[in-house]
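Asker: Sequence:
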Amino acid sequence: MLGFVPNALLIYKAKSCTGDYHHEMNGENFKKWFTEKLLSNLPEKSVIIMDNASYHSVQFDKCPTTNTKKADIQAYLRLHEIQFDNKLLRPQLLALAKANNQTPKYVIDNIARERGHDILRLPPYHPDLNPIELIWNQVKQSVASRNVTHRIDDVLKLAHEAVADITVSDWEKTCRHVAIIEEEYRKRDIVIDEQMERLIIDLADSSDSDSDNDDNV
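As numbered in this note's numbering, residues 121 to 337 make up the sequence shown, in order.
FYI, nobody ran anything at the bench for these hints, they're computed from the structure. Just so you know, these numbers come straight off a predicted model, no measurement behind them. Check each hint, because a few of them may be wrong.
Okay, derived cross-link-like pairs now, DSS-like style, lysine-lysine, Cα gap no bigger than 27 angstroms in a straight line [stated by the list, open to error]:
{"no.": "1", "residue 1": "K135", "residue 2": "K157"}
{"no.": "2", "residue 1": "K207", "residue 2": "K190"}
{"no.": "3", "residue 1": "K225", "residue 2": "K152"}
{"no.": "4", "residue 1": "K152", "residue 2": "K182"}
{"no.": "5", "residue 1": "K133", "residue 2": "K151"}
{"no.": "6", "residue 1": "K260", "residue 2": "K133"}
{"no.": "7", "residue 1": "K277", "residue 2": "K293"}
{"no.": "8", "residue 1": "K225", "residue 2": "K157"}
{"no.": "9", "residue 1": "K190", "residue 2": "K225"}
{"no.": "10", "residue 1": "K152", "residue 2": "K133"}
{"no.": "11", "residue 1": "K189", "residue 2": "K165"}
{"no.": "12", "residue 1": "K182", "residue 2": "K151"}
{"no.": "13", "residue 1": "K133", "residue 2": "K157"}
{"no.": "14", "residue 1": "K152", "residue 2": "K260"}
{"no.": "15", "residue 1": "K182", "residue 2": "K135"}
{"no.": "16", "residue 1": "K207", "residue 2": "K218"}
{"no.": "17", "residue 1": "K190", "residue 2": "K165"}
{"no.": "18", "residue 1": "K151", "residue 2": "K165"}
{"no.": "19", "residue 1": "K135", "residue 2": "K277"}
{"no.": "20", "residue 1": "K260", "residue 2": "K135"}
{"no.": "21", "residue 1": "K218", "residue 2": "K182"}
{"no.": "22", "residue 1": "K293", "residue 2": "K260"}
{"no.": "23", "residue 1": "K151", "residue 2": "K135"}
{"no.": "24", "residue 1": "K152", "residue 2": "K190"}
{"no.": "25", "residue 1": "K207", "residue 2": "K182"}
{"no.": "26", "residue 1": "K133", "residue 2": "K277"}
{"no.": "27", "residue 1": "K277", "residue 2": "K157"}
{"no.": "28", "residue 1": "K293", "residue 2": "K307"}
{"no.": "29", "residue 1": "K151", "residue 2": "K307"}
{"no.": "30", "residue 1": "K152", "residue 2": "K165"}
{"no.": "31", "residue 1": "K207", "residue 2": "K151"}
{"no.": "32", "residue 1": "K218", "residue 2": "K189"}
{"no.": "33", "residue 1": "K165", "residue 2": "K225"}
{"no.": "34", "residue 1": "K293", "residue 2": "K165"}
{"no.": "35", "residue 1": "K135", "residue 2": "K152"}
{"no.": "36", "residue 1": "K293", "residue 2": "K157"}
{"no.": "37", "residue 1": "K189", "residue 2": "K152"}
For each label pair, taking beta carbons as the anchor points, the in silico distance ranges come out as [to be verified]:
{"no.": "38", "residue 1": "R271", "residue 2": "E201", "range": "58 to 66 angstroms"}
{"no.": "39", "residue 1": "A264", "residue 2": "L242", "range": "20 to 28 angstroms"}
{"no.": "40", "residue 1": "G147", "residue 2": "R266", "range": "28 to 36 angstroms"}
C-beta atoms are modelled at their ideal positions from N, C-alpha and C, and glycine is treated no differently.
Put together the whole structure using the sequences plus the hints.
Answerer: Have a look at this one:
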């Protein structure tokens, strides 16, 4: 456990006052940080845990959508060696493209693989499985408790200090906490799977019983 990746921190002033930092990040900015700051300082053959934020999930070779021109759909089908009749209408071509759609290909995942790293994406809507969420909350609490001037330059300084105060031990604790949550989800999956199996069997038995009763009428 190493804690924060050295020399990979990026903190900057927001241009808007919405309070939602997601508006300040986009696919290009994230890609720039990812390639120049993160990958340059990662140990070899690392596994990068990532959620499904839109700027993490920019795709290449993306499947056509309802906004895609007919000629572009045809070009996509040819590129992927999917046979089609030139007489097909646009909705039919689109349905054919979607029926043969492969697993989404993400720009960031491809860059990471080229550098010898793997991306592990979290299930949607599960921030509780991401240790950085707990660390980020710790940083925000530290800044909030010490922010007496409410001036942006002071907040920026406090943010840098709060990040510097996060220890390897803090990271170890959050990772252990997430591992416990992950194990709980596994146990629940087993229980739910067993209950669903019993429910299916019970319904099947009930259906067979009803069929037998109908035959006897």
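Asker: If a hint holds in the structure, say so; if it doesn't, say that too.
Answerer: These are the hints, each one checked on the structure:
no.	hint	result
1	K135 - K157	22 angstroms, holds
2	K207 - K190	12 angstroms, holds
3	K225 - K152	18 angstroms, holds
4	K152 - K182	21 angstroms, holds
5	K133 - K151	19 angstroms, holds
6	K260 - K133	15 angstroms, holds
7	K277 - K293	26 angstroms, holds
8	K225 - K157	22 angstroms, holds
9	K190 - K225	22 angstroms, holds
10	K152 - K133	17 angstroms, holds
11	K189 - K165	40 angstroms, violated
12	K182 - K151	18 angstroms, holds
13	K133 - K157	18 angstroms, holds
14	K152 - K260	25 angstroms, holds
15	K182 - K135	31 angstroms, violated
16	K207 - K218	18 angstroms, holds
17	K190 - K165	42 angstroms, violated
18	K151 - K165	19 angstroms, holds
19	K135 - K277	17 angstroms, holds
20	K260 - K135	19 angstroms, holds
21	K218 - K182	10 angstroms, holds
22	K293 - K260	18 angstroms, holds
23	K151 - K135	19 angstroms, holds
24	K152 - K190	33 angstroms, violated
25	K207 - K182	24 angstroms, holds
26	K133 - K277	11 angstroms, holds
27	K277 - K157	20 angstroms, holds
28	K293 - K307	21 angstroms, holds
29	K151 - K307	36 angstroms, violated
30	K152 - K165	20 angstroms, holds
31	K207 - K151	41 angstroms, violated
32	K218 - K189	15 angstroms, holds
33	K165 - K225	20 angstroms, holds
34	K293 - K165	23 angstroms, holds
35	K135 - K152	18 angstroms, holds
36	K293 - K157	25 angstroms, holds
37	K189 - K152	30 angstroms, violated
38	R271 - E201: 58 to 66 angstroms	60 angstroms, holds
39	A264 - L242: 20 to 28 angstroms	26 angstroms, holds
40	G147 - R266: 28 to 36 angstroms	33 angstroms, holds
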